[in-house]
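There are 2 protein chains.
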Amino acid sequence: MNKTMTESRGPAFSSLTGLDMSHIRLCPAIAFNQILNGRYKLHILCVLYGGPRRYGEIGRSLLHGSLNRPITPRILSRELKQMEERGLITRKAYPVVPKRVEYSLTERGRALVPVLAEIIRWGSSGVHEEILGV
Amino acid sequence: MNKTMTESRGPAFSSLTGLDMSHIRLCPAIAFNQILNGRYKLHILCVLYGGPRRYGEIGRSLLHGSLNRPITPRILSRELKQMEERGLITRKAYPVVPKRVEYSLTERGRALVPVLAEIIRWGSSGVHEEILGV
DNA sequence: ACCCTTTTTGTCCGTATTTACAGAAACGTA
DNA sequence: TACGTTTCTGTAAATACGGACAAAAAGGGT
Chain L
1480 MNKTMTESRG PAFSSLTGLD MSHIRLCPAI AFNQILNGRY KLHILCVLYG
1530 GPRRYGEIGR SLLHGSLNRP ITPRILSREL KQMEERGLIT RKAYPVVPKR
1580 VEYSLTERGR ALVPVLAEII RWGSSGVHEE ILGV
Chain U
1480 MNKTMTESRG PAFSSLTGLD MSHIRLCPAI AFNQILNGRY KLHILCVLYG
1530 GPRRYGEIGR SLLHGSLNRP ITPRILSREL KQMEERGLIT RKAYPVVPKR
1580 VEYSLTERGR ALVPVLAEII RWGSSGVHEE ILGV
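Line by line, the protein sequences give chains L and U.
Numbers in the numbering used here are just positions in the first sequence, counted from 1, shifted up by 1479.
Numbers in the numbering used here are just positions in the second sequence, counted from 1, shifted up by 1479.
Incorrect hints may appear among the rest.
Since the list gives no way to pick one copy over another, a pair counts as held whenever it fits inside one copy or between any two copies.
To be verified - In silico SDA-like cross-links for lysine to any residue, where the CA-CA straight-line distance does not exceed 20 Å:
# : residue 1 : residue 2
1 : 1560      : 1612
2 : 1560      : 1611
3 : 1560      : 1610
4 : 1560      : 1609
5 : 1560      : 1606
What the hints contain is simulated information worked out from the structure, not anything from laboratory work.
Given the structure is predicted, the values throughout are model-derived calculations rather than measurements.
The task is simple: from the sequences and hints, build the whole structure.
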């Protein structure tokens, strides 16, 4: 193979869904983990599927990987901000003391729910724990 | 919030699937992008869904992100090896010259197909291109 | 002996992401 | 005025990831 590989054919993942993807120029699979990068975004979506949640609630419901490794506020803040920028969640701040901020799913975020559901279904067999040797 | 957040409740993503997850200790969503890290693994799974593929075929069918940025052999090799280590794909080398190596999905890899399908379905509306501003 | 193909590795480097740690803002309450 | 709570930011260090580049293995063909 050459030093770098290039491709001429357009994307055609037909067989997976049977859907016409001819109008799509960017592979959804690659876009997916570009949009959902960072370690906690998928989990945050899961949490918010249960309804609006406060910053602290999300943080507390978040486990770090497998163990009880906690998430630091710095990271949670960044993840939430990125997700807001991408239109997956909305942020609503209440003018009270102590501060109260609630995050919830947008339409765009809800569009990912079927994917989340499949991931949970996939995990219900425990394969992910096997693979990671938990 | 404290400097670090910890959590006492077990995972409960019940509402998403209606499945009993009490026996699961690690959040599938977090495990998912720990197992499918790297930029190309999801895409590689899609390609291999079409049947066994050679190293060069996979490389050629892989676009880098959105543009025609090519993947370097070094990276493809690493991705494939990691996926093999995690039991998602198998590697079969034929004793011929020039070398011929074929990769294919394992049971474990096939278990992810429903997730892939949902991701493609999600992308069929073009949301991912909107979000990334392609 | 040298070149060709295909697959793969070694090494190095720059960037991106994660993490730790400290601290700020906002304001009611003691 | 000091304190507490909640949300969030600044800074710097640590680690992971992506990519460039060269090169090796394994023979067949010329």
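Homo-oligomer pair classification [residue 1610, residue 1560; C-alpha up to 20 Å]:
between (31 Å within a copy, 14 Å between copies)
First find the shortest C-alpha distance between residue 1560 and residue 1612 inside one copy, then the shortest across copies, and answer within, between, both or neither for a cut-off of 20 Å.
Intra 32 Å, inter 18 Å, cutoff 20 Å: inter-copy only.
Between residue 1560 and residue 1609, at a C-alpha cutoff of 20 Å, which is it: within one copy, between copies, both, or neither?
between (33 Å within a copy, 18 Å between copies)
Intra/inter-copy verdict for residue 1560 and residue 1606 if alpha-carbon distance must be at most 20 Å
between (31 Å within a copy, 19 Å between copies)
How would you classify residue 1560 and residue 1611 at a CA-CA limit of 20 Å: within, between, both, or neither?
Between. Shortest inter-copy distance 15 Å satisfies the 20 Å Cα cut-off; intra-copy 29 Å does not.
Consistency note: the structure conflicts with none of the earlier hints.
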